[in-house]
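K.L.:
Here is what each chain is made of, one letter per residue.
2 protein chains.
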Amino acid sequence: MTVNLLKQKIGIIGGGQLGKMMILEAKKMGFYVIILDPTFNCPAHSIADEHIVANFNDTIAIRKLADRADIITYEFEHIDAEVLKVLEEEGHKIYPTPRSLEIIQNKYEQKMLLKKKRIPVPEFMYIADEEDMMEAGEQFGYPFILKSCRGGYDGKGNVVVHSPQEIKSAFESLGGYEQELMAEEFIPFTKEISVLACRGIDGDIAVYPVGENEHEDNILIQTKVPAQITKTLTTKAMSLANRVMKVFEGVGMFCVEMFVTEDKRILINEVAPRPHNSGHYSIEGCVTSQFEQHIRAITGLPLGDTTLIRPTVMRNILGDMEGNGEAFVYGAEEALKVPGVKIHIYGKENTSPKRKMGHLIVTAQTLEEAAERAQIAANTIKISPRKEN
Amino acid sequence: MTVNLLKQKIGIIGGGQLGKMMILEAKKMGFYVIILDPTFNCPAHSIADEHIVANFNDTIAIRKLADRADIITYEFEHIDAEVLKVLEEEGHKIYPTPRSLEIIQNKYEQKMLLKKKRIPVPEFMYIADEEDMMEAGEQFGYPFILKSCRGGYDGKGNVVVHSPQEIKSAFESLGGYEQELMAEEFIPFTKEISVLACRGIDGDIAVYPVGENEHEDNILIQTKVPAQITKTLTTKAMSLANRVMKVFEGVGMFCVEMFVTEDKRILINEVAPRPHNSGHYSIEGCVTSQFEQHIRAITGLPLGDTTLIRPTVMRNILGDMEGNGEAFVYGAEEALKVPGVKIHIYGKENTSPKRKMGHLIVTAQTLEEAAERAQIAANTIKISPRKEN
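Note that the protein sequences, when read in sequence, are chains A and B. Residues 1 to 389 (UniProt numbering) make up the first sequence, in order. Residues 1 to 389 (UniProt numbering) make up the second sequence, in order.
Among the hints, erroneous ones may be present.
What the hints assert, rightly or not - Listed next, the stretches of chain A that the computed footprint assigns to chain B, with coverage defined by at least 3 CB atoms under 8 Å from CB atoms of chain B: (1) 37 to 51; (2) 72 to 83; (3) 186 to 193; (4) 324 to 337.
Unchecked claim - Quick list of in silico lysine-lysine cross-link-like pairs, BS3-like style, CA-CA up to 27 Å: (5) B:Lys387 with A:Lys9; (6) B:Lys156 with B:Lys168; (7) B:Lys93 with B:Lys246; (8) B:Lys156 with A:Lys337; (9) A:Lys382 with B:Lys9; (10) B:Lys85 with B:Lys64; (11) B:Lys382 with A:Lys9; (12) A:Lys356 with B:Lys9; (13) B:Lys246 with A:Lys93; (14) A:Lys387 with B:Lys93; (15) A:Lys116 with A:Lys191.
Keep in mind that the hints were calculated from the coordinates and are not lab data. No residue lacks a Cβ here, since even glycine has one placed at the ideal position from N, Cα and C.
Using the sequences plus the hints, can you model the full thing?
P.N.:
Have a look at this one:
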């Protein structure tokens, strides 16, 4: 053998927390990493080998990244897939592939493809105008959800439409005729779950245990693993995630978010073509973290063991409501006194209300113990704007 | 509370693999890290926030590091303790303290203090000249060990003296009158074990499970955890490590290497005031790795849970015998196909025979399984000088 896969240079579009956590794993194995991010002091800056400071839509900079790296990946899905397609045609390796990115970043196309492959999704329809919304209301009943097909995250780009009277304002609030929109039936779910899955370049698929998510104001607050659902549902969810990986032929980590309905059906809510916030638990919870797995997949290394080692709870640390300013962590000492608590602080310079600033992971002998400890730790740690002394 | 402990800047003397692994943990928690190392492309270079390129005996550079960092630590014990003492007197925080470093870095003083505190050590004596060695031979019998009091590692600085005829050459081979020397009885041990322990600034002590070490040519090859010794010996070893921490009043991670004798005694072989090669298993094996623990200790954070999560085997990846040259990793793909195998490559530019280039860690349901898998993986991966194509 004359190839040293570990000598490949990895280029990451985005230097936020996901990029940072990819690099921490890549560095363990000795990889060289180049990031592209407009923020000089972004979370990944200090641990990357090179940082191309440029906007995400700067095609010259993305081309520079492609020229300097052997493989390109990205930490968020709102990138111009056309640019990546051109680079791929020129022979650059880009994972997940621009084709799977292109489908996924348009939620309507994503759902169309899943539906075509007989993977259960909520009912949905394309919305061109207010008349279509009237039809959605008749077909799905109220409330239903109006969504931007592109660019949404953490609930941004979603509006709940409760009655015909709200149609006009909802349509306009999401950009109306200027934006691609879709409507989706409102699912009165009993649980939100997500399953991480990874596909290697050779087509190998590794599926993680099922995590159970809690959101507040559409922002993920907590993931508990294993999800407290029946064995049958667990098997079903993992098998669905496996099928989703085959549909998109994705290379790298994906996260499949799902709803469990009252009548015990599982519907796919959304697919993210990257490591995901609800998968952070894997850093301390699993034999192979989602970040290590992603690096292994895109560099052509074999996928690692996804076994959950101990019950694990992940809680996000969000910027508190005190306003914007230089980020200051209060109470880390108290939080770390709780057994099994790990603190991950992303290193964003500034905090603002509900901004994702870090997370904590707690492993324990039982899920109840982990959840209890996570709650105690979460109550002690907070990130606020620095107060002047 | 108005202090953000995570905003402290950590200065590390040394940017080798131990420094690198400290930084990987420090970065998870958001710390800022400055290293001092003479090699520009040292393992820690690309993930440190700043790198002062200077020799370890460059007192001006060490002072610069102290001025820029809030806390100083180090990854190896052969540093001028006098320089650190002066800095400490000026108010700089240095952990482990220069006083404990000073004692430990002189093996004779280290053993004298342990003996004084009634901690069992092999018989030893100071060696000023060949006459003293004759006496050592009479007192300890042959073979006995001649050691440099300072600067040895991986068997360097140690000579086995088999007979009175070897005294002269042994004495001269270690520098004779130019060096401080000591003699030690030869212990026909049944096992070499080591116990990691950490002491916080507040005096809290955390002790790790017992690891069992295998050496080849005085270089550590493998650590298996838990050590296959009786419960009584395990308790004894852990309690000895705890006592050693109190003796040196060390702050930070220490490693206590011990011999188990045929008559079931435990003798302290050596103490290292830093994270240690035989403690790498803790990265994937324990709730809190030795590197995270060290960072927590020196920054004043509470110590973490030292529980072993699963049986773990660590194997060093040494440069193979093919010679010196640009380091090239062969067979990483094969090694990573083995379940539960993690590869850590330090990123040293050049390899040479037996140089520590990386390690692999295997966790599994049983120690036998972990050891078997570690053996398979170790057989597939090798680091050689790059061959020209």
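K.L.:
So, for every hint listed, does it hold in this structure?
P.N.:
A quick look at each hint next to the structure:
Only residues whose beta carbon comes within less than 8 Å of a beta carbon in chain B count, and the segment 37 to 51 of chain A has 4; three or more means the coverage holds. Coverage of the segment 72 to 83 of chain A by chain B is violated. Counting CB-CB distances below 8 Å, 0 residues qualify, and the rule asks for three or more. With a cut-off of 8 Å between beta carbons, the segment 186 to 193 of chain A has 0 residues touching chain B; three or more are needed, and the interface restraint is violated. Restraint check on the segment 324 to 337 of chain A versus chain B: 8 residues with Cβ-Cβ distances below 8 Å, three needed, restraint holds.
Between Lys387 (chain B) and Lys9 (chain A), the direct Cα distance comes to roughly 20 Å. Compliance with the 27 Å bound is thereby established for this hinted pair. Annotation: proposed proximity of Lys156 (chain B) to Lys168 (chain B) holds, straight-line Cα distance about 18 Å (limit 27 Å). Between Lys93 (chain B) and Lys246 (chain B), the direct Cα distance comes to roughly 19 Å. Compliance with the 27 Å bound is thereby established for this hinted pair. A distance of roughly 41 Å separates the Cα atoms of Lys156 (chain B) and Lys337 (chain A); the hinted pair therefore is violated under the 27 Å criterion.
Between Lys382 (chain A) and Lys9 (chain B) the alpha-carbon distance is near 20 Å, which keeps this suggested pair within the 27 Å criterion. Of the pairs offered as hints, the one joining Lys85 (chain B) and Lys64 (chain B) holds, with about 15 Å between alpha carbons and a cut-off of 27 Å not exceeded. At most 27 Å may separate the alpha-carbon atoms for a hinted pair to count; Lys382 (chain B) and Lys9 (chain A) meet this at roughly 20 Å. As the CA atoms of Lys356 (chain A) and Lys9 (chain B) are separated by approximately 23 Å, the hinted pair is consistent with the 27 Å bound.
With a C-alpha separation of about 55 Å, the suggested pairing of Lys246 (chain B) with Lys93 (chain A) is violated against the 27 Å cut-off. Restraint check for Lys387 (chain A) and Lys93 (chain B): satisfied, since their Cα atoms lie roughly 25 Å apart, inside the 27 Å limit. Only pairs whose Cα atoms come within 27 Å are accepted, and Lys116 (chain A) paired with Lys191 (chain A) is accepted, the gap being roughly 25 Å.
Of the numbered hints stated above, those contradicted by the structure are hints 2, 3, 8 and 13, listed in ascending order.
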